[in-house]
Every structure is written in C-alpha cells, then in structure tokens.
Amino acid sequence: MMGSLKNTFIRYRYIAVYGLLMAVLVFVLKWLQWRFLIAEGSIEIYIGLIALFFTVLGIVVSRQFDRRKVVRTVVIEKEIPVPVQTPFIVDASALENLNLTAREYEVLQLMAKGCSNTEIAEALFLSLSTIKTHASNLFVKMDVTSRTKAIEKAKRLKITP
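full-length UniProt numbering puts the first residue of the sequence shown at 1, with every later residue one more than the last.
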C-alpha cells in the first residue's frame, strides 16, 4: 500500500508540486490582503501577479520536459560468412529427356531471366510469331500451360539457373 502511494506520488510529482505552489501563492496573496499591503479594490494586481507567477512556472516546467535525451550510436561489426556459390551445372539427362531444340532451350533461358516475348525476339533476331511458336512447342514438350510453370519446372529439373 505504501509503495503504491509512493509510486503514484513519483508519477504525478509535477502536478503535486504545481498544486502545492498554487496553494502557497493563494495563501500569500490572502495574507497580503489581510495585512493591507495590497489595496482591497485592485483585483487587477492579483490577476497580474498570478499570471506572472504561472508564466514563469510554465517556462520552468516546459524546460524540464524539453530536455534533450542523449542518443548514443553503437556500431557493431560482425563477420557474416557468405556461402560460396558453386557454378550452375545443367542436368544434361533431364534436358535430353525433354527433347528441346537448341532454339527452344534459348527461349526457355530468356524466359527464366524474365524477358517478354518481344525482348526474346529482339535478343534472338527472330520474329514475334516465331518466338510464340517456340514457346508453345516448349510448353507442350514440358507438359505445362504457362510461362511461370515452365520456368518453375525448368528450375526443378535443374536445366536453368
């Protein structure tokens, strides 16, 4: 119970101090009024003193909250092993089982690199319709229905990197 009260006070200490200062200020002003140091009819003086006090108090409190936090940058150097890449070796037996012509194999390799039919035609100096014919023959021989399935099967059979 006592620890909870202490934690609550620590958490809200600025509010408690602010409230305590306000109570002290009201007490001082009432004491001054009672002692006739401040004329009774001049409410403007009261308001001005209170405004000045809380302006100064606000500046002090805002500086407490606005303190810059120190940011430290820590550089950690760690050696990361990079696996040695072995050169890609084409599985010749799988390539022979598919009965692909050299030109169809070239088209398949360019498809695996992400080239469109137009880009393949430009790279191989062939017409677009010839590339489409090679692609359809390739799909039939590989028993697939799309470019992505052909590329996936070629990678699985290890005939393209």
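Possibly wrong hints are sitting among the right ones.
EDC-like, lysine to aspartate or glutamate: derived pairs with alpha carbons at most 20 Å apart [to be verified]:
hint: 1; residue 1: Lys113; residue 2: Asp91
hint: 2; residue 1: Lys78; residue 2: Glu96
hint: 3; residue 1: Lys141; residue 2: Glu152
hint: 4; residue 1: Lys149; residue 2: Glu122
hint: 5; residue 1: Lys153; residue 2: Asp91
hint: 6; residue 1: Lys158; residue 2: Glu119
hint: 7; residue 1: Lys149; residue 2: Glu79
It should be emphasised that the hints constitute simulated quantities derived from the structure, not laboratory data. From a predicted model like this one, the values you see are computed outputs, not experimental measurements.
ask   = Which of the numbered hints are not met once you compare them with the structure shown?
value = The structure conflicts with hints 2, 4, 6, 7, although it agrees with all the remaining ones.
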